[in-house]
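Protein chains in written order, with the working numbering: chain A, 1358 to 1661; chain B, 580 to 657.
The set of hints was computed from the structure by calculation and includes no laboratory data.
Every residue gets a Cβ at the ideal spot worked out from N, C-alpha and C, and that includes glycine.
It cannot be assumed that every hint is accurate.
[Unchecked claim] Simulated pairs of lysine-lysine, DSBU-like, Cα-Cα distance not exceeding 35 Å:
1. K1456(A) with K626(B)
2. K1577(A) with K619(B)
3. K1570(A) with K649(B)
4. K619(B) with K1386(A)
5. K1453(A) with K1603(A)
6. K1486(A) with K657(B)
7. K626(B) with K1445(A)
8. K1570(A) with K626(B)
9. K626(B) with K1386(A)
10. K1562(A) with K1383(A)
11. K1486(A) with K1405(A)
12. K1559(A) with K1617(A)
13. K619(B) with K1392(A)
14. K1456(A) with K649(B)
[Unchecked claim] Listed next, with one range per pair, are the computed distances between beta-carbon atoms:
15. E1430(A) with N605(B): 13 to 21 Å
16. N1446(A) with T648(B): 23 to 31 Å
17. P589(B) with E1430(A): 41 to 49 Å
18. D1503(A) with N639(B): 32 to 40 Å
19. D616(B) with E1566(A): 23 to 31 Å
20. L653(B) with R1360(A): 45 to 53 Å
21. K1502(A) with A599(B): 44 to 52 Å
22. L653(B) with D1600(A): 28 to 36 Å
23. N621(B) with S1412(A): 31 to 39 Å
24. T1537(A) with T648(B): 35 to 43 Å
25. N1622(A) with D616(B): 50 to 58 Å
26. T648(B) with K1405(A): 31 to 39 Å
27. D1634(A) with N621(B): 41 to 49 Å
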Amino acid sequence: MPRTFDVVIIGAGPSGMSAAIYCTRKGLKTMVIGKDVGGQVAKSGEIKNYLGYGSTTGADLAQFFHEHIKGFENIEHEHGVYVIDIVKNGDSFLVKTDKEEIGAEAVIIASGRVPRKLGIPGEEEFNNKGVSYCDVCDGPLFSGKDVAVVGGGNSGLEAALSLSKICKSVAVINLTEDLTGDETLKNKIKEALNVTIYNNAKTKKVIGETFVKELVYEEKNGSEKRISVQGVFIEIGYVPKSDFEKLSTKDKFNRIVINKNCETNVVGLFAAGDVTDIRDNQVIIASGEGAKAALSAYYYLAHK
Amino acid sequence: MANVTIYTTPTCGYCKAAKAFFKDNNVEYSEHDVANDSEKANEMIQKSGQMGVPVIEVDNEIVVGFDQTKLSSLLGIK
């Protein structure tokens, strides 16, 4: 017999954790499943716009959120677990993880977003061996070294700027004619003495032995160039983590389509935060959306 | 009592989560800030064969990342 809950929440970032608090306080038997705790916010740097927390960091905010849900004895929290599918089971659901199947009367998908990958040779092989998607997490280990940042948008420029303060040199590898980030960031980057910008540069592969040694890129005219680097930070945006279930309708960006009450096209299936098609991706919005989804799940179950 | 060492950086969210986990379970540990100690940074990279933090050493067994399941098993925590 599978374990069953009133609500199973998939994802333990801000939207998932906020949903868990609202569900448990409504007396719903609640489980939160996450492969990690904190989601994207745990990997974020300075945060100055989360109401009530003044100037803080993503790591600290994630910790505050986690402490808050740990304070509720009745929230069942599964760490390090991957959800691999959600299927209908009569008018309930079965949430399939890599370890078990869990019964749920309602489900809230709050699985957020993951970094977009380049899909080039060497990227997987050197993950954590020079290749990183998080300059906030991993930057300090490249102190005094030469690194590359792939991506000329805001993520890339912010990463390049912060790395330029600790690394020996930073090469920004940008696909387009010019950098696409905000003007203020572009100007700061141009002023940084140890940052070199490579425009019209397509990253082709990452080379090394045990760890990264070089990045290879292609110029507009097709010629291949190499730069000697010990780190490659890939900052080319995020994609929704929505590929593990086929029940809900997705938009052209693979985000789960929801209405203003966080309802999906499937009765009893709700979604919140960055995995959905809301316009803005901000921590405080994710928290609010999680609460909304939880209340929608509560009203749904109350009338079931 | 297990000998626990954690290699961290100040801005690492999972490092904080791991330390909170140790605190909740009364696990004593020593910590090395590899952002500010290049010798320890190299030590961590040699021991774990990679550069991600946290790296947690429990009695000579290396755990990369905050793997709560593996740590619970190594530390005898339910």
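Discussion item. With the threshold set at 35 Å, check whether the alpha-carbon distance from K619(B) to K1386(A) stays at or below it.
Written reply: Since the Cα atoms of K619(B) and K1386(A) sit roughly 45 Å apart, the hinted pair is violated (cutoff 35 Å).
Worksheet item: Measuring from beta carbon to beta carbon, are T1537(A) and T648(B) in 35 to 43 Å?
Response: Roughly 41 Å apart at Cβ, these two residues keep to the hinted range, so it holds.
Worksheet item: When you check the alpha-carbon spacing of K1559(A) and K1617(A), does it fall within 35 Å?
Response: Violated, at about 40 Å.
Fill in: Range hint compliance [Cβ, E1430(A) to N605(B), 13 to 21 Å]
19 Å, holds
Practice prompt. Assess, step by step, whether the Cα of K1570(A) is no farther than 35 Å from the Cα of K649(B), and give holds or violated.
Written response: Status holds; Cα separation ~32 Å.
Worksheet item: Do the Cβ positions of T648(B) and K1405(A) conform to the proposed distance bound of 31 to 39 Å?
Response: Taking Cβ atoms as reference, T648(B) and K1405(A) lie about 35 Å apart, which means the hint holds.
Discussion item. Against the 35 Å threshold, does the CA-CA distance of K619(B) and K1392(A) hold or violate the hint?
Written reply: The hint holds at about 28 Å.
Discussion item. Looking only at beta-carbon atoms, does the pair D1503(A), N639(B) fall within the given range of 32 to 40 Å?
Written reply: 33 Å, holds
Worksheet item: Would the pair K1486(A) and K1405(A) pass a check requiring their Cα atoms to be no farther apart than 35 Å?
Response: It holds: about 31 Å lies between the C-alpha atoms, which stays within 35 Å.
Worksheet entry | Range hint 45 to 53 Å (beta carbons of L653(B) and R1360(A)) holds or violated | 25 Å, violated
Practice prompt. With respect to the beta-carbon atoms only, verify the hint that D616(B) and E1566(A) lie 23 to 31 Å apart.
Written response: 25 Å, holds
Worksheet entry | Straight-line alpha-carbon gap K1486(A) to K657(B), limit 35 Å | Holds: K1486(A) and K657(B) sit about 32 Å apart, inside 35 Å.
Violated hints, in rising order: 2, 4, 7, 9, 10, 12, 17, 20 and 21; the structure is consistent with all others.
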